[in-house]
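*Asks:* Given only the sequences and the hints, what does the whole structure look like? Please build it.
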Amino acid sequence: MTSITSVELNYLVFRYLQESGFIHSAFALGYEAGINKCPIDGNLVPPGALVTVVQKGLQYLEMEANLSNNDTDLDEDFSFLQPLDLITKDVHELRQIIKDKKKSLPKDKEKDKDLDKELEIERGRVREKERREIEVERGRAREKERLEREKERLERDKEHDRDRDKIEKDKEREKHHEDFTDKDMVMDQDEKVHANQGENGVFGGPEPMDISTTSTSQSCEISSSDVTILQGHTSEVCACAWNPTGSLLASGSGDSTARIWTIADGSNRSGAQSGPLNVLVLKHVKGRTNEKSKDVTTLDWNGDGTLLATGSYDGQARIWSTNGDLRSTLSKHKGPIFSLKWNKKGDYLLTGSCDKTAIVWDVKAEEWKQQFEFHSGPTLDVDWRNNVSFATSSTDNMIYVCKIGETRPIKTFAGHQGEVNCVKWDPTGSLLASCSDDITAKIWSMKQDKYVYDLREHSKEIYTIRWSPTGPGTNNPNQQLVLASASFDSTVKLWDVELGKLIYSLNGHREPVYSVAFSPNGEYLASGSLDKSMHIWSLKEGKIVRTYTGNGGIFEVCWNKEGDKIAACFANNTVCVLDFRM
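The numbers in numbering that gives the first Met the number 0 rise by one with no breaks, and the one at position 444 of the sequence shown is 443.
Hints may be right or wrong, so weigh each one.
[Said to hold, decoys possible] Calculated pairs, DSS-like style, for lysine-lysine (alpha carbon to alpha carbon, straight line, at most 25 Å): (1) K285 - K343; (2) K344 - K423; (3) K363 - K344; (4) K449 - K459; (5) K446 - K459; (6) K293 - K282; (7) K368 - K285; (8) K282 - K423; (9) K344 - K402; (10) K344 - K539; (11) K282 - K331; (12) K363 - K333; (13) K150 - K449; (14) K331 - K293; (15) K101 - K112; (16) K150 - K116; (17) K410 - K423; (18) K285 - K344; (19) K531 - K459; (20) K333 - K459; (21) K368 - K423; (22) K331 - K446; (23) K343 - K363; (24) K560 - K539; (25) K102 - K116; (26) K449 - K531; (27) K560 - K340; (28) K423 - K446; (29) K293 - K344; (30) K101 - K150.
No wet-lab data here; the hints were simulated from the structure.
*Replies:* Below is the structure:
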């Protein structure tokens, strides 16, 4: 049997003293025991070696004491002994201690059984009590919900009647006007529903109309036969975009994929599509999906619809062909990409990242052309003004207008008091709209440093804004240009940008509104909310004409180029395509 030598034991004690901080004791022992002449390689001895050896020895003693000479007690419970007993007593004494313990064990076991039984009965009582309380609470909640629904229904009916009367009066007053932006659309002071003009009151003139449509009639509900549900993503779908020339729909998801769906022309008559679909899966990671660093956060088609760009949480932009081939991977950002846009010409791609920078990429050369490092916080949004200049917004409250080849911003817009979530140039590139967590939207001009208008009608953060496809530079030049803003206050507001005043407040949602999109003809506006519903509003009448409720919050809505289909992407991993016809 192997035994430890005095030299080895001395070394272990020496190391123990050193490791425990007893430097003088270690020195004295080392000097007297001649540790410096010891043949042991200290690098091979792990820390705490003495304690480990002693522990193992005690465990051996304990095992020896528990095993009788004939080894017949192996099936019995193992008795643990106190360390002091193991150090001070021999094996015979230890066995006697174990024998005495085992004699008293049946009584203890009986006591334990009784105690366990009592505990089980008590637990049963507690569980039953909890179950009853939960049932009672659920009953109360159900009853409360029923009463609230009934109350809401009555209020909605009253509100609906009032709205109908008002709209009828309004129609009568406006029957000789076609355009919803005509000033006569605004209700008179004594007939208005909502008169909170806020800081915009300084402009004078008629008050805006507050369209409070908290419910819609059955006829507004989009029929399930007009809905195609695209299934396949395995995480929330954050972004969607129609191809500008064809019937392709792109979607980006937290499952680290983008998908290109081929949507049949004409009406959908198929309901949910969960079988084999004409869909291309663009994987942003090899192997398993749902890797959060590869979330597809944003996507955009180029102008002629031949290439799709995607931005990901891994800081890379990728360019794909319409048949799903990965053409380019653009790597330079050091943080997630939050926004990404093609210029009109299609030779440059612009990305904005959490790393506080924006980068212009030369798509043909597949390399970065210029990195713009002006912001002091993450870049939240980017938008081209023309083929060579663009705006960026950030959590640092600032907006910069930049130009390729320039090393400093060509314009700086300061005025927001919170994170600037979104920036959008109007169709002519002369006005820039922005919205912020400071509860305001602002309109800026390149001709001045201060904002042109400060739009202050929302009561919570404004998440996004969109210009209407109307007015100069659009396909609808005879209609007036308006701006839509969507807020966490559950409303969408429409603004007259010539006067800087509120036209409509559209109040049909019950949760934050994350996305708005104008129809190509400028006559309708789609809004998507966390309340799981998408409303389509007639801008001439200022009311909901169609609505659809899905099974998850809506992150983005978009129209196809013909204006007869709307896509909405949902938190429950689906994309819905809705047929729209009036």
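*Asks:* Now look at each hint and say whether the structure bears it out.
*Replies:* We went through each hint and held it up to the structure:
Under the criterion of a C-alpha separation no larger than 25 Å, the hint pairing K285 with K343 is inconsistent with the structure, at around 32 Å. At most 25 Å may separate the alpha-carbon atoms for a hinted pair to count; K344 and K423 meet this at roughly 18 Å. Restraint check for K363 and K344: the C-alpha separation of about 12 Å stays at or below 25 Å, so the hint holds. Distance restraint check for K449 and K459: the Cα-Cα separation of roughly 23 Å lies within the 25 Å cut-off, and the hinted pair is therefore satisfied.
With a C-alpha separation of about 30 Å, the suggested pairing of K446 with K459 is violated against the 25 Å cut-off. Between K293 and K282 the alpha-carbon distance is near 9 Å, which keeps this suggested pair within the 25 Å criterion. For a cut-off of 25 Å, the pair hint linking K368 to K285 is broken: about 28 Å separates their Cα positions. Note on K282 and K423: the hinted pairing is violated, with a Cα-Cα distance of about 30 Å set against a maximum of 25 Å.
With a CA separation close to 15 Å, the supplied pair K344 and K402 stays within the 25 Å bound. The hinted pair formed by K344 and K539 fails the criterion: a straight-line CA distance of about 34 Å is larger than 25 Å. Annotation: proposed proximity of K282 to K331 holds, straight-line Cα distance about 20 Å (limit 25 Å). Between K363 and K333, the direct Cα distance comes to roughly 23 Å. Compliance with the 25 Å bound is thereby established for this hinted pair.
For the hint pairing K150 with K449, the CA-to-CA distance comes to about 47 Å; that exceeds 25 Å, so the pair is violated. A distance of roughly 15 Å separates the Cα atoms of K331 and K293; the hinted pair therefore holds under the 25 Å criterion. A threshold of 25 Å between alpha carbons decides the hint, and for K101 with K112 the separation of about 17 Å falls inside it, so the pair holds. For the given pair, K150 sits about 51 Å from K116 by alpha-carbon distance, which is inconsistent with the 25 Å threshold.
Restraint check for K410 and K423: satisfied, since their Cα atoms lie roughly 15 Å apart, inside the 25 Å limit. Among the hinted pairs, K285 with K344 is inconsistent with the structure: their alpha-carbon atoms are about 32 Å apart, more than 25 Å. Distance restraint check for K531 and K459: the Cα-Cα separation of roughly 19 Å lies within the 25 Å cut-off, and the hinted pair is therefore satisfied. Restraint check for K333 and K459: the C-alpha separation of about 32 Å exceeds 25 Å, so the hint is violated.
Taken as a hint, the K368 and K423 pair is honoured in the structure, with Cα atoms around 23 Å apart against an allowance of 25 Å. At roughly 34 Å between alpha-carbon atoms, K331 and K446 are farther apart than 25 Å, so this suggested pair is violated. A C-alpha spacing of about 15 Å is found between K343 and K363, which places the hinted pair at or below 25 Å, so the restraint holds. For a cut-off of 25 Å, the pair hint linking K560 to K539 stands: about 21 Å separates their Cα positions.
In summary, the hint linking K102 to K116 is supported, as the alpha carbons are separated by about 23 Å, within the 25 Å threshold. Between K449 and K531 the alpha-carbon distance is near 38 Å, which puts this suggested pair outside the 25 Å criterion. Between K560 and K340 the CA atoms are separated by roughly 18 Å; this keeps the pair inside 25 Å, and the hint holds. Note on K423 and K446: the hinted pairing holds, with a Cα-Cα distance of about 17 Å set against a maximum of 25 Å.
For a cut-off of 25 Å, the pair hint linking K293 to K344 is broken: about 29 Å separates their Cα positions. For the hint pairing K101 with K150, the CA-to-CA distance comes to about 71 Å; that exceeds 25 Å, so the pair is violated.
Consistency note: the structure conflicts with the earlier hints numbered 1, 5, 7, 8, 10, 13, 16, 18, 20, 22, 26, 29, 30.
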